[in-house]
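Enquirer: For reference, each letter of the sequence shown is one residue, going 1 to 314 in our numbering.
If you are wondering where the hints come from, they were derived from the structure by calculation, not from laboratory data.
Just so it is clear, the structure is predicted and the values come from calculations on it, not from any experiment.
Treat the hints with caution; some may be incorrect.
Cut-off 30 Å, straight-line C-alpha distance, at most; resulting in silico cross-link-like pairs (DSS-like, lysine-lysine) [as the list claims (entries may be wrong)]:
id : residue 1 : residue 2
1  : K45       : K98
2  : K162      : K98
3  : K137      : K98
4  : K250      : K220
5  : K45       : K67
6  : K167      : K137
7  : K144      : K195
8  : K195      : K217
9  : K162      : K195
10 : K195      : K250
11 : K45       : K75
12 : K292      : K247
13 : K162      : K144
14 : K67       : K98
15 : K220      : K288
16 : K250      : K217
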Amino acid sequence: MNNKTNKFHKKIVRLFTYNIHIKLLCLLLSFLLFLYVRYQKEYSKDFISKVQVRNKPSNLVIINDIKDTININIKGFRDNIYDIPRSFDSYIDLANAKVGSNNYRVEFDDDIGIYDNLYISVNPNIIAVVLDELYTKEVPIVLKTSSTNNVSNMTISPSVVKISGAKSIVDSIDSINTEFLYLETHHLDYTTNLKLELYDNIEANINSINVDIVFKKDLKVVEFNDLDLHINNLNSQYSITSPSNLKIDKLVLEYNSIFSNHIISYTNIFLSLDLSSITNTGYYSNIKVDVKVPEYANIVDVAPLGFDLEVEKR
Numbered sequence: 001m002n003n004k005t006n007k008f009h010k011k012i013v014r015l016f017t018y019n020i021h022i023k024l025l026c027l028l029l030s031f032l033l034f035l036y037v038r039y040q041k042e043y044s045k046d047f048i049s050k051v052q053v054r055n056k057p058s059n060l061v062i063i064n065d066i067k068d069t070i071n072i073n074i075k076g077f078r079d080n081i082y083d084i085p086r087s088f089d090s091y092i093d094l095a096n097a098k099v100g101s102n103n104y105r106v107e108f109d110d111d112i113g114i115y116d117n118l119y120i121s122v123n124p125n126i127i128a129v130v131l132d133e134l135y136t137k138e139v140p141i142v143l144k145t146s147s148t149n150n151v152s153n154m155t156i157s158p159s160v161v162k163i164s165g166a167k168s169i170v171d172s173i174d175s176i177n178t179e180f181l182y183l184e185t186h187h188l189d190y191t192t193n194l195k196l197e198l199y200d201n202i203e204a205n206i207n208s209i210n211v212d213i214v215f216k217k218d219l220k221v222v223e224f225n226d227l228d229l230h231i232n233n234l235n236s237q238y239s240i241t242s243p244s245n246l247k248i249d250k251l252v253l254e255y256n257s258i259f260s261n262h263i264i265s266y267t268n269i270f271l272s273l274d275l276s277s278i279t280n281t282g283y284y285s286n287i288k289v290d291v292k293v294p295e296y297a298n299i300v301d302v303a304p305l306g307f308d309l310e311v312e313k314r
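Can you build the whole structure from these sequences, using the hints too?
Expert: Below, the structure is given as structure tokens:
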């Protein structure tokens, strides 16, 4: 019986050891083939997630440009593709934030640890945040403008602005400028609106002001008579039969002689009737006169202000 057992054992040993180098090579090739097939099925996908800032204390302000997006790479086998989420909601939690430099780990609304059959990498997974105390104060508004030699009075409203932001920045601000106001193109009193030149990362309770400008004056009045009236935009198939003579009897203007280099004459006055609305023959009443005069002049009186017209086909 023992002899039979020994022969059986020898056969078994011979079965495994005969041409063993060939068998080991086949085993290695089989394993490599398995790895090749397995990793050919590997799946990879990239995501970009917007990082929310949550629970920032109301008395603090972020003063650095923080990284607000992260890159997420997911790798796994295609037979696990159903496990891959469509998106990730990420955030950093500043609930216990303090003044100074801080590093916050990126967190997710869903526990990404549950995807144990996937490899997930997050870059960056730590975000640096620099915080400062939120500070508010009022500062005067400074009007930037050209020469005011011919200005009698200039009023800005409001004259102060309340600004808020990081204390280290707000403390260094003594005033806020307006955009530049060019006075050379104006000769009569007027009101305008100017934007404020606010600093980056600074908030303000207003972003513009009103400016009232009153010029020094030496007002003169000039009258023009018997002025020609131009006809504009009348369809060529029509003509005006009445009145036969279109003229302005009187035009009275007021101008500021402080600006002595300006002279008002017939050559820089233009009076017209816009007849683009006439689309048929007939009688048209009280068509208004369009008066164009230099910008440094005011219209005091125009006579007549409008005309009654009778229109026929040519």
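Enquirer: Now tell me, hint by hint, if it's right for this structure.
Expert: Against the structure, the hints come out as follows:
Simply put, K45 and K98 have alpha-carbon atoms about 37 Å apart, too far for the 30 Å limit, and the pair is violated. As the CA atoms of K162 and K98 are separated by approximately 25 Å, the hinted pair is consistent with the 30 Å bound. For a cut-off of 30 Å, the pair hint linking K137 to K98 stands: about 22 Å separates their Cα positions. With a C-alpha separation of about 17 Å, the suggested pair K250 and K220 falls inside the 30 Å cut-off, and the hint holds.
Among the hinted pairs, K45 with K67 is consistent with the structure: their alpha-carbon atoms are about 21 Å apart, no more than 30 Å. A hinted pair counts as satisfied when its Cα atoms are at most 30 Å apart, and K167 with K137 qualifies at roughly 10 Å. Distance check on the hinted pair: K144 and K195 sit about 11 Å apart at the alpha-carbon level, within 30 Å; holds. Only pairs whose Cα atoms come within 30 Å are accepted, and K195 paired with K217 is accepted, the gap being roughly 28 Å.
For the suggested pair K162 and K195, the alpha carbons sit about 15 Å apart, so the restraint of at most 30 Å is met. For a cut-off of 30 Å, the pair hint linking K195 to K250 is broken: about 41 Å separates their Cα positions. For the proposed pair K45 and K75, the alpha carbon gap of about 7 Å is at most 30 Å, so the pair holds. For the hint pairing K292 with K247, the CA-to-CA distance comes to about 15 Å; that is within 30 Å, so the pair holds.
This hinted pair checks out: K162 and K144 have alpha carbons roughly 19 Å apart, not beyond 30 Å. Using a Cα cut-off of 30 Å, the hinted pair K67 and K98 holds, with the two alpha carbons roughly 19 Å apart. For the hint linking K220 to K288, the alpha-carbon distance of about 26 Å falls within 30 Å, and the restraint holds. Using a Cα cut-off of 30 Å, the hinted pair K250 and K217 holds, with the two alpha carbons roughly 24 Å apart.
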